[in-house]
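A.B. asks: First to last, the protein sequences are chains A and B. Residue 161 in the UniProt record's numbering sits at position 161 of the first sequence, with consecutive numbering throughout. Residue 152 in the UniProt record's numbering sits at position 152 of the second sequence, with consecutive numbering throughout.
These are computed hints drawn from the structure, not numbers from a lab. These numbers come from a predicted model, not from an experiment. Do not take every clue at face value.
To be verified - Output of the computed footprint for chain A on chain B, the stretches with three or more beta carbons under 8 angstroms from beta carbons of chain A:
id	segment
1	45 to 52
2	283 to 293
What the hints assert, rightly or not - Label-pair restraints from in silico Cβ distances:
id	chain 1	residue 1	chain 2	residue 2	range
3	A	GLU207	B	GLY190	26 to 32 angstroms
4	A	GLY246	B	GLY101	29 to 35 angstroms
5	A	ALA184	B	ASP271	35 to 41 angstroms
6	B	GLY36	A	ALA188	37 to 43 angstroms
7	A	PHE172	B	PRO138	50 to 56 angstroms
8	B	ALA230	A	GLU207	20 to 26 angstroms
9	A	PRO134	B	ARG71	55 to 61 angstroms
10	A	ASP171	B	ALA230	39 to 45 angstroms
11	A	VAL299	B	GLY36	37 to 43 angstroms
12	A	GLU59	B	THR125	54 to 60 angstroms
13	B	ASP271	A	LEU272	28 to 34 angstroms
Think of the CB as a built atom: it goes at the ideal place given N, C-alpha and C, for glycine as much as any other residue.
Residues per chain are reported as follows:
Number of protein chains: 2
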Amino acid sequence: MSQQSAVTVVGGGIIGLAVAWKAARAGHRVQLVDAGERAASWVAGGMLAPVAEASPGEEELLELGSDSLRRWPEFATELAADSGLPTGLRREGTLVVGVDGADRAELDMLADHLASRGRSVTRLTGRELRRAEPSLGPAVRRGLEVPGDLAVDNRVALAALRKAAAAAGVDFRDGRALRVRPGAVELADGTAHCDVAVIAAGARSGELHPGLTGRIRPVKGEVLRLRARATALPPPTRTVRGPVHGRQVYLVPRDDGGLVVGATQYDAGYDLDVTVGGVRDLLADAERLVPGLAEYALVEAIAGHRPGTHDNLPLIGELEPGVLAATGHHRNGFLLAPITADAVLAALSGAEPTATAADPGRGARPVSHDRGGQPCK
Amino acid sequence: MSQQSAVTVVGGGIIGLAVAWKAARAGHRVQLVDAGERAASWVAGGMLAPVAEASPGEEELLELGSDSLRRWPEFATELAADSGLPTGLRREGTLVVGVDGADRAELDMLADHLASRGRSVTRLTGRELRRAEPSLGPAVRRGLEVPGDLAVDNRVALAALRKAAAAAGVDFRDGRALRVRPGAVELADGTAHCDVAVIAAGARSGELHPGLTGRIRPVKGEVLRLRARATALPPPTRTVRGPVHGRQVYLVPRDDGGLVVGATQYDAGYDLDVTVGGVRDLLADAERLVPGLAEYALVEAIAGHRPGTHDNLPLIGELEPGVLAATGHHRNGFLLAPITADAVLAALSGAEPTATAADPGRGARPVSHDRGGQPCK
């Protein structure tokens, strides 16, 4: 692979933009092809919260996410410099809170799990939580403070990335990619020739290359955007995430008084309807945490397709010579954008893979033969 | 007043359009001025339900509404003929339903009230209601069948009216009316001269003429638009209206599988925010009546300003020679459009006022002197 390649990136979401920008500023000739469909990145809440969202059994994701989180401040600084725009990065940290006894048990399990991974978090009582965030309601009884987790305004960051990428020389091309093979991206209206193609097409990535077939599925998510009205109490300053009677909800504040509430999760194929049930649950859970939200404006209700994988880890690396994957980021596209871009850059320069946990060669979910076809009892 | 006048109608909502269309087809030269703001008519549910919405103390509104309802079928037939478009009229009738004991008491009171006004309605049990509308949930325990009440798809009707009015020769002019006086409508960008001006500017009408000052207030309402998804049960065929634990909600089906859910009511001045609390309540009440709505798509959440008056009756008639009011229709713009247009037509031809209950000379709320300034005990 030459030092300076012709690179075609498929997909204009957070991953495609980050890869294109970084590759162009490293001297590659970069074209970005995007079909103009709604990217999951446009819908996303923008939590950068590998610790608050850690889960036993997903230790590799915690490490990958933490590694990428460490890269975010420099990524944002470079992005601001290259774009001349705000990046939307917020550093107020995250509170993980719970309402009932089962929620508290979940928080305790999370705290114990994090301690076992060498990450200590502070346990807070309801009173301490309300001292930190007066908007939290009386139902909130227990919480964890995760000061290191960040958040980013997804749409602000996307705008900055588009400008930075264009300034770095990325050539934006409207078009629907149909198939990717070494040396070429076949589009609905022609072919984009290149030295290296990077597949960053989110939930649609599986359609583009045999090495991704059946490995990425759309995981629908619904998200609400609220805005504090003049008559309403101000939103929390930190990201607030919680199990509310066992159901996950997050509230991510924005610099402009906005608040993103997410997110439902459905394995439902390609479906962008916002459902009554989804909105009802998101509102109920959000109001349970912050009762003053009743007075907020509901500005937007929107759904997107996260690119899910079998183990919730992305697929980053070579599928075959000249074809790289940078996809399958599921709920973590923004969090993992810096490490993904760095890994793709390394691959473009012929270096050894860096994000090994995301090796696309790790295969599909191993089939268990233990049960020998016996039905479960 | 000449037989054929130059008429300027201020306002392009349901009332302004109906008046302009009817006046133009009667031979008047009509100009319609509209500022392009969101009319309450665009938001409305489109219930034509004077009986289902009757209330003790509002007998005049019941009679006025019933009179206008009788004119709707012919109004729609003419509108379809003149526009060549569907009018969105639905004739399936209305069910008024209730959930708890207090709701049932409210239904009984409504039935008794209607009986005292010579209108009998059929009381139905929960089982009978679900036989009529299988989508109704088990919480619905009692109801009234009001077969004569109709409904109209507000946006379909508005489109037909715009086309019919244009076909009848109405001249549409974009512009913000600032003041109306005999012979002229003063606009932000000029003056529209006329023989007769008709003020049909909804909640903004009070700003246009001293005879309306302080007599019309914006009554904010929030409305949701849902759509049955492929996986969902079909919507009810009738309009379903209910007190749900004392809170009013209505569900108005559309021919295209849509369902309008409304409406909140706030005396909050000019405010078009859709609030979290409003959406939460509408969804909760609608789902209580029709549980299958959980699977519906939430297509739109929108707010509008009804033009409220002190007694919920509109103001229709002469304010001074050459200036007519056709405003203050509150929740009943669509219902009262035919009778309002007929009353304005009669006034244009110099006939005696027909809709006397809506006489704009009836003044403000009469001040009670009974209490002689004593505080209430």
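A.B. asks: Take the hints in turn and mark each one as holding or not.
C.D. replies: Each hint tested on the structure:
no.	hint	result
1	45 to 52	violated (count 0)
2	283 to 293	holds (count 5)
3	A/GLU207 x B/GLY190: 26 to 32 angstroms	violated, 57 angstroms
4	A/GLY246 x B/GLY101: 29 to 35 angstroms	holds, 33 angstroms
5	A/ALA184 x B/ASP271: 35 to 41 angstroms	violated, 55 angstroms
6	B/GLY36 x A/ALA188: 37 to 43 angstroms	holds, 38 angstroms
7	A/PHE172 x B/PRO138: 50 to 56 angstroms	holds, 55 angstroms
8	B/ALA230 x A/GLU207: 20 to 26 angstroms	holds, 23 angstroms
9	A/PRO134 x B/ARG71: 55 to 61 angstroms	holds, 57 angstroms
10	A/ASP171 x B/ALA230: 39 to 45 angstroms	holds, 40 angstroms
11	A/VAL299 x B/GLY36: 37 to 43 angstroms	violated, 22 angstroms
12	A/GLU59 x B/THR125: 54 to 60 angstroms	holds, 59 angstroms
13	B/ASP271 x A/LEU272: 28 to 34 angstroms	holds, 30 angstroms
Violated hints for the displayed structure, listed by number in ascending order: 1, 3, 5 and 11.
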